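**Student:** Those protein sequences? They're chains A and B, same order as listed. Okay, so the first sequence: first residue is 2 according to the numbering used here, each after it adds one. Okay, so the second sequence: first residue is 8 according to the numbering used here, each after it adds one.
Keep in mind that a hint or two might mislead.
As the list claims (entries may be wrong) - Chain A regions said to be covered by chain B (calculated; three or more residues, Cβ under 8 Å):
# : segment
1 : 53-65
2 : 85-98
3 : 104-114
4 : 202-214
It should be emphasised that the hints constitute simulated quantities derived from the structure, not laboratory data. Source: prediction; values computed, not measured. Quick reminder that beta carbons are idealized off the backbone N, C-alpha and C, glycines included.
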Amino acid sequence: MNARLSLVSRSVGPVTTSRKSMLVSELRSPAQKHARGEALWAWALAGPALILLIVLFLLPVVGVFVMALTDWEFGASSLSFVGLANFREVIFDEVFRASLINTVVYVLIVVPGTVLAGLVIALLIESSDSCRAFYRAIHFLPFMATLTAMAISWEALLHPTVGLVNQTFAALGIPTANWLRDETTALPVLAVIGIWQNLGYAMVLFLAGLKSIPLDLYDAAEVDGADLWIDRLRTVTIPMLGPVLMFIVIVVALKAFETFDTIQILTQGGPGHATEMLLYTLYRESFEYLRMGYGAAVAVVFLVMVVTLTLIQARIMDKRVHYQ
Amino acid sequence: MSATRLFALPAILRHSVLLLTSALILVPFAWMVSLSIKPPGEIFRASFSFFPAQFHGAENYTKAITSVPLLHYIGNGLLVCALILALQILVCAPIAYALAKLNFRGRDLLFALVLIGLLLPHQVLSLPLFILCYQLGILNTYAALVFPYIVSPFGVFLFRQFFKSIPDDVVHAARLDGLSELSIVWKIMVPMSLPAILAFSIFSVVGHWNDLFWPLIAVRDGSLMPPPIGIMAFKNAEAGNDYGPLMAASTLVVAPLLIAFLAAQKWFVEGMTTGAVK
Numbered sequence: 002m003n004a005r006l007s008l009v010s011r012s013v014g015p016v017t018t019s020r021k022s023m024l025v026s027e028l029r030s031p032a033q034k035h036a037r038g039e040a041l042w043a044w045a046l047a048g049p050a051l052i053l054l055i056v057l058f059l060l061p062v063v064g065v066f067v068m069a070l071t072d073w074e075f076g077a078s079s080l081s082f083v084g085l086a087n088f089r090e091v092i093f094d095e096v097f098r099a100s101l102i103n104t105v106v107y108v109l110i111v112v113p114g115t116v117l118a119g120l121v122i123a124l125l126i127e128s129s130d131s132c133r134a135f136y137r138a139i140h141f142l143p144f145m146a147t148l149t150a151m152a153i154s155w156e157a158l159l160h161p162t163v164g165l166v167n168q169t170f171a172a173l174g175i176p177t178a179n180w181l182r183d184e185t186t187a188l189p190v191l192a193v194i195g196i197w198q199n200l201g202y203a204m205v206l207f208l209a210g211l212k213s214i215p216l217d218l219y220d221a222a223e224v225d226g227a228d229l230w231i232d233r234l235r236t237v238t239i240p241m242l243g244p245v246l247m248f249i250v251i252v253v254a255l256k257a258f259e260t261f262d263t264i265q266i267l268t269q270g271g272p273g274h275a276t277e278m279l280l281y282t283l284y285r286e287s288f289e290y291l292r293m294g295y296g297a298a299v300a301v302v303f304l305v306m307v308v309t310l311t312l313i314q315a316r317i318m319d320k321r322v323h324y325q
Numbered sequence: 008m009s010a011t012r013l014f015a016l017p018a019i020l021r022h023s024v025l026l027l028t029s030a031l032i033l034v035p036f037a038w039m040v041s042l043s044i045k046p047p048g049e050i051f052r053a054s055f056s057f058f059p060a061q062f063h064g065a066e067n068y069t070k071a072i073t074s075v076p077l078l079h080y081i082g083n084g085l086l087v088c089a090l091i092l093a094l095q096i097l098v099c100a101p102i103a104y105a106l107a108k109l110n111f112r113g114r115d116l117l118f119a120l121v122l123i124g125l126l127l128p129h130q131v132l133s134l135p136l137f138i139l140c141y142q143l144g145i146l147n148t149y150a151a152l153v154f155p156y157i158v159s160p161f162g163v164f165l166f167r168q169f170f171k172s173i174p175d176d177v178v179h180a181a182r183l184d185g186l187s188e189l190s191i192v193w194k195i196m197v198p199m200s201l202p203a204i205l206a207f208s209i210f211s212v213v214g215h216w217n218d219l220f221w222p223l224i225a226v227r228d229g230s231l232m233p234p235p236i237g238i239m240a241f242k243n244a245e246a247g248n249d250y251g252p253l254m255a256a257s258t259l260v261v262a263p264l265l266i267a268f269l270a271a272q273k274w275f276v277e278g279m280t281t282g283a284v285k
C-alpha cells in the first residue's frame, strides 16, 4: 500500500523529478504490481488447504491438549482447568502402565527383528541378479495386504487345535500353546505378526540404500585385503548404510508404535492386559468407555513419543542430504 | 544393473534361503486361500493339505457375499478411497504450487504448518475430529470417513518437492502464453508430475483401503462400513465358528490390492516407500 502511494505521489509530484527516478518508478511499478498479484494468487491457491490444515490438524492438536488438561466430558457445555489431574490418573492406572510397558516391549522385539530380517533378505536379494523382482515382490506382499483380513488368517493359523502352527510344532515335537490366549505368548506372537508385516518394507528401504553404495568401494576394500565377505560387510556395507540403518530403525519403530489392527482383531488387549498397547488403550478408553479426559491424556503421551521419534528421523534425513 | 560385490553366494544357497523365507511369508496367504475352499468338516480336521478333499469354494464364496453385504463393503471402500484421493489432489496441488513457485510473505510460516501436520500421527487427532464430526452432524455418514483426510500434509510436501524440480522457465513461458496461475497448476504442473501423483495415489489408496482405526470411530451403520470393519463385523457375527466363508471374504478384500501390486510392482514399491518420510 505504502509503495503504491509513494509511486502515485511521485508521478504527480513536482517537475523536479529526475529522469532517473521516473525510470525507476516505471520499472518498479509493474514489478510490484506483479509481486502483489503473485501474493494474491498464492493465498488464493493455498487458501482451501490452509483452512483445512487449521481445522483438521492445528485446532485438533490444540483440542487434545485442552481436553487433557480440563474435566470436559462429551456433551458438557462447560469445562474447568484441572491441571495434570488426567495425567495423574493415567500414570497411576495399572492398565495404562501395562499398556506403556507392552508397547515398549513390543517395539523392542519388532524393531530389531524387522530390521535384521529386512537387512539379511535385502543382502541376499542384492547378491545376484536372478529372480530379484520375484523375491522382492513376495517379501513386500504383507506390507500391502489388508492387515484386518490377514489377522483373521493368523488367528486360524494359531488356532490351538487345528491351526497349522500347532500341528507343525506337534509333528516336530516342539511344545504347543494356545498362543493368543496365553499371557506369556500373546504379546510375542503379535510381535511376530508385526515383523512378518513390516520386514518387506525394511527390505525395500535397505535395497535402495545398498544401491547407493558406490561399487568402487568394494574394489578398494578388496585391494586393501578385505578378502572375506564379512570383512567387506564390516568395512564397507555397514558403515555406508549407517544413516539409512538409523532411518529404517525409526521408520519401523513408528510403524510398531501405531499397531492397532492385530490387537483389535485378535486379542482386544487380553488375556488380562497382556497385549494392551497405547493406541488400543486410546481407542477403547475414548470411544468405547467415552472417558475423554483419560483418552486425551493417553493421546498426549502417544503424541510426545511419536513426535520425538519423528524429529530424530528428520535430523537423520537432514544429515543424509548433507552427505550427498 | 550389477549386484553388490559384497559376496558371491553359491546360487543354490541364495535361492534356498530366499525360497524358504518366501514360503514363510506366504503361509498366511496360502492358509487363507486354502481354508476359503474347504468345507467346515475339513477345516476342523487336523491336516496339512492345501487342497481340500472336497471342493467347497463355491459355497464359501457365495456365503461370503450373500450372508454379509461384502460387495457393498467393497463398494464403500472404493467410493471412500476415490473421494479421498480426488479431494486430496484437488486441495494439495494448488498449495504445493504456491509453496514451490510463488513468492509471498508468510510462505515459510505456511510451509511450517504443513510440516507440523506431517509430524502429527493422525490417530492422536481422532478425539477432537470425532467431536468435530459430531458437531457438523456428519458422524455415521460417508462424509465422516472422507472429511478428516481431504488435506494431506504428506501430499502437499511431496507435490511441492516435485514442483520445485520443474524449471522456472516452464512457469514463465506459461505465463507469457497467458495462462492464469490456476491453469498453470492443472495444465502444466500436475501433468508434468505424474510420477509423484501416481506415487501419492498408491500411498493414499492403500492406506485408506486398509485403515481400520478411523472407520471404527466414524461409522456404526453396517451399510457405510469399508472392507476392514466389514470383515471385523463378519468375524464377530460368526464368532469363529465358520472359517470358510470368513476366509473367502478376507481373500476377496485382500485380492484387489495384491493383484494391482503384482501388476505394477515398481510403482507400488515407490509409492509406499516415498511415504517413509511420513
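**Student:** Taking a Cβ-to-Cβ distance below 8 Å as contact, does the segment 53-65 of chain A have at least three residues touching chain B?
**Tutor:** holds (count 12)
**Student:** Are three or more residues of the segment 202-214 of chain A within 8 Å, CB to CB, of chain B?
**Tutor:** Our answer is that it holds, as 6 residues pass the Cβ test (under 8 Å) against chain B, meeting three.
**Student:** Can the segment 85-98 of chain A be counted as covered by chain B under the rule of three residues or more with Cβ-Cβ separation shorter than 8 Å?
**Tutor:** violated (count 0)
**Student:** Apply the coverage criterion to the segment 104-114 of chain A and chain B: a residue qualifies when its Cβ sits closer than 8 Å to a Cβ of the chain, and three qualifying residues are needed.
**Tutor:** violated (count 0)
The structure shown violates the earlier hints numbered 2 and 3.
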